[in-house]
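Take a look at the letters that make up each chain.
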Amino acid sequence: MAENTITMIITRQDSPESSPYEETFKIPYRENMNVISALMEIRRNPVNANGENTTPVYWEMNCLEEVCGACSMIINGQARQSCATLVDKLEQPIRLEPMSTFPVMRDLSVDRSRMFDSLKKVKAWIPIDGTHDLGPGPRMPEKKRQWAYELSKCMTCGVCLEACPNVNSNSDFIGPAALSQVRLFNAHPTGEMNKGERLEALMEDGGIHGCGNSQNCVQVCPKGIPLTTSIAAMNRDTNIQAFKNFFGSDHVY
Amino acid sequence: MAENRDFFYRRLHSLLGVIPIGIFLIQHLLVNHFAVYGRESFEQAAGFIHGLPFRIVLEFVVIYIPILFHAILGVYIVFTVKYNNKRYSFFRNLMFTFQRISGIITLIFITWHVWETRIAIGLGSAELNYSLMENILTQPFMFWFYIVGVVSTTFHFANGLWSFLVTWGFTITPRSQRVATYATLIVFLVVTYIGIRAIIAFAYGA
Ligand code: HEM
Ligand code: SF4
Ligand code: FES
Chain A
1 MAENTITMII TRQDSPESSP YEETFKIPYR ENMNVISALM EIRRNPVNAN GENTTPVYWE
61 MNCLEEVCGA CSMIINGQAR QSCATLVDKL EQPIRLEPMS TFPVMRDLSV DRSRMFDSLK
121 KVKAWIPIDG THDLGPGPRM PEKKRQWAYE LSKCMTCGVC LEACPNVNSN SDFIGPAALS
181 QVRLFNAHPT GEMNKGERLE ALMEDGGIHG CGNSQNCVQV CPKGIPLTTS IAAMNRDTNI
241 QAFKNFFGSD HVY
Chain B
254 MAENRDFFYR RLHSLLGVIP IGIFLIQHLL VNHFAVYGRE SFEQAAGFIH GLPFRIVLEF
314 VVIYIPILFH AILGVYIVFT VKYNNKRYSF FRNLMFTFQR ISGIITLIFI TWHVWETRIA
374 IGLGSAELNY SLMENILTQP FMFWFYIVGV VSTTFHFANG LWSFLVTWGF TITPRSQRVA
434 TYATLIVFLV VTYIGIRAII AFAYGA
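Those sequence lines, one after another, are chains A and B. Those letters in the first sequence? Residues 1 to 253, by our numbering. Those letters in the second sequence? Residues 254 to 459, by our numbering.
Take the hints with a grain of salt, since some may be wrong.
[Stated by the list, open to error] A partial selection of chain A residues facing chain B, derived with a Cβ cut-off under 7 Å:
hint : residue
1    : Asn76
2    : Gly77
3    : Gly212
4    : Asn213
[What the hints assert, rightly or not] Derived BS3-like pairs (lysine-lysine); straight-line CA-CA distance at most 27 Å:
hint : chain 1 : residue 1 : chain 2 : residue 2
5    : B       : Lys335    : A       : Lys223
6    : B       : Lys339    : A       : Lys120
7    : A       : Lys89     : A       : Lys121
8    : A       : Lys26     : A       : Lys121
9    : A       : Lys144    : B       : Lys335
10   : A       : Lys89     : B       : Lys339
11   : A       : Lys123    : A       : Lys143
12   : A       : Lys89     : A       : Lys123
13   : B       : Lys339    : A       : Lys121
14   : A       : Lys89     : A       : Lys143
15   : A       : Lys120    : A       : Lys26
16   : A       : Lys153    : A       : Lys120
17   : A       : Lys223    : A       : Lys143
18   : A       : Lys195    : A       : Lys89
19   : A       : Lys89     : A       : Lys144
Calculated from the structure, these hints are not laboratory results. The C-beta atom is built at its ideal place from N, Cα and C for all residues, glycine as well.
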């Protein structure tokens with residue numbers, strides 16, 4: 001590569017309430033940089049392209065290997081993980097923005113609490129605690145385990161919510177990630193014991209019916225999770241649950 | 254059920270789009286198609302439908318109430334979306350947006366169409382016969398208005414059929430959804446042909 005500087009245009013915001021502004025930076029080029037190492041360079045030397053001293057750009061990160069989801073941001077118009085995005089593969093200038101469906105905390109860091117609240121709402125866990133030893137749970141066929149593993153790769157990064165036209169301030173739609181997690185936990189032999197509760201959570205306001213099948217989520221998920229397959233499967237299960245609740249027995253778990 | 258009102262309304266919205274509205278749409282276009290066989294054929298077919306017992310009740314239960322419900326909730330759905338086709342230019346996202354645009358065009362078309370035909374007949378200012386449609390469709394502007402309206406409606410129905418299959422959990426795998434895309438494309442072409450052919454018959458003679 002001929003250039004020896006990288007130009008980055010970053011959308012910044014000082015606090016959750018203040019208004020965003022753009023700031024341009026020029027960073028010395030090194031080989032094999034990713035977006036995070038470029039951001040670290042700004043942190044080391046917080047001077048913008050006009051040569052003025054500025055505050056270091058703030059962002060979130062944790063695993064640095066695309067498994068925690070914390071570093072998601074919009075890079076050249078595409079929501080993705082900054083730790084897994086190589087500078088050499090990007091067009092310049094590189095534009096960084098915070099994701100737009102979540103409240104911005106500061107600069108590129110957003111508050112994804114709504115996703116964790118959603119996981120609580122749909123009970124995305126397997127209750128195994130008791131007052132006594134419950135013994136080993138039922139076994140899971142190896143094939144099924146491999147399949148479930150794919151669904152379990154979700155890192156709550158928020159990219160699918162960012163791409164979903166139905167997740168926005170006019171709607172209370174829970175978004176694709178949590179819908180797929182219900183499928184994961186309902187498929188587990190022990191998790192299945194609370195299947196009905198999870199499905200009912202999906203039928204509450206803001207639930208699965210907010211999906212309009214734009215299918216952007218499955219295209220953008222960095223983990224390749226079959227989100228739209230999960231959603232259709234949960235459509236089937238919630239419908240059956242609704243019929244059971246209405247016409248079925250008084251004992252629906 | 255009471256606490257899951259949104260879920261129930263959205264499922265009802267989806268169901269009504271096919272049963273009865275979609276069924277009615279096909280029946281309506283088929284009856285209109287008799288225009289292709291000539292003036293008398295059309296008047297006989299339309300007269301048969303017009304002469305059905307309890308017609309007013311049928312009209313309200315099968316047509317007016319379901320469409321009104323579907324349209325009102327539909328408009329609400331259309332305006333709660335943050336469209337993002339520029340950033341995410343995938344085929345399904347495009348269909349998603351077209352589904353909503355065609356819903357609005359269909360609403361405008363149906364409103365005008367019902368006003369000009371059924372309401373005019375009800376008020377006695379028009380009569381149900383071949384000439385009514387002939388007089389409308391020989392005007393170039395109305396001809397194209399009807400073409401756009403019918404294509405928008407048939408697209409909305411066919412693409413809606415695709416998402417209906419997902420909403421009710423019939424097509425789950427990507428493969429079945431892909432097959433459904435082709436199947437509903439055929440539905441679109443067939444139903445559109447039936448509708449447009451009748452319009453041309455009214456405008457230019459059979
Ligand atoms: C001849 C009239 C109509 C027919 C046959 C029809 C049919 C359908 C069908 C089959 C669906 C698919 C339901 C699903 O996704 O499960 C649908 C969805 C939809 N319709 Fe209609 N519709 C008609 C009129 C309208 C009108 C007037 C509007 C108002 C703007 C409208 C707005 C919508 C919207 C927004 C959806 C998407 C719903 C969703 O994805 O959840 N439709 N329609
Ligand atoms: S489903 Fe994919 S895109 Fe959505 S939060 Fe999980 S990992 Fe991210
Ligand atoms: S830092 Fe964990 S995904 Fe990027």
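Hint check results:
1. The beta carbon of Asn76(A) comes no nearer than 11 Å to any beta carbon in chain B, farther than 7 Å, and the hint placing it at the interface is violated.
2. Satisfaction of the interface hint for Gly77(A) is found here, the shortest Cβ-Cβ separation to chain B being roughly 6 Å, below the 7 Å cut-off.
3. The criterion of a C-beta within 7 Å of any C-beta in chain B is met by Gly212(A), whose closest approach is roughly 6 Å, and the hint holds.
4. Satisfaction of the interface hint for Asn213(A) is found here, the shortest Cβ-Cβ separation to chain B being roughly 5 Å, below the 7 Å cut-off.
5. Restraint check for Lys335(B) and Lys223(A): the C-alpha separation of about 24 Å stays at or below 27 Å, so the hint holds.
6. Pair hint Lys339(B) plus Lys120(A) does not hold up; C-alpha atoms about 33 Å apart against a cutoff of 27 Å.
7. Taken as a hint, the Lys89(A) and Lys121(A) pair is broken in the structure, with Cα atoms around 39 Å apart against an allowance of 27 Å.
8. Distance hint between Lys26(A) and Lys121(A) is unfulfilled; the C-alpha atoms sit about 44 Å from each other, more than 27 Å.
9. Restraint check for Lys144(A) and Lys335(B): not satisfied, since their Cα atoms lie roughly 37 Å apart, outside the 27 Å limit.
10. The suggested pairing of Lys89(A) with Lys339(B) holds, with an alpha-carbon distance near 21 Å, which does not exceed 27 Å.
11. Taking the CA atoms of Lys123(A) and Lys143(A), the gap is near 24 Å; set against the 27 Å cutoff, the hint holds.
12. Simply put, Lys89(A) and Lys123(A) have alpha-carbon atoms about 39 Å apart, too far for the 27 Å limit, and the pair is violated.
13. Note on Lys339(B) and Lys121(A): the hinted pairing is violated, with a Cα-Cα distance of about 33 Å set against a maximum of 27 Å.
14. At most 27 Å may separate the alpha-carbon atoms for a hinted pair to count; Lys89(A) and Lys143(A) exceed this at roughly 36 Å.
15. Between Lys120(A) and Lys26(A), the direct Cα distance comes to roughly 42 Å. Violation of the 27 Å bound is thereby established for this hinted pair.
16. Taking the CA atoms of Lys153(A) and Lys120(A), the gap is near 18 Å; set against the 27 Å cutoff, the hint holds.
17. Among the hinted pairs, Lys223(A) with Lys143(A) is consistent with the structure: their alpha-carbon atoms are about 19 Å apart, no more than 27 Å.
18. Annotation: proposed proximity of Lys195(A) to Lys89(A) is violated, straight-line Cα distance about 44 Å (limit 27 Å).
19. With a C-alpha separation of about 36 Å, the suggested pairing of Lys89(A) with Lys144(A) is violated against the 27 Å cut-off.
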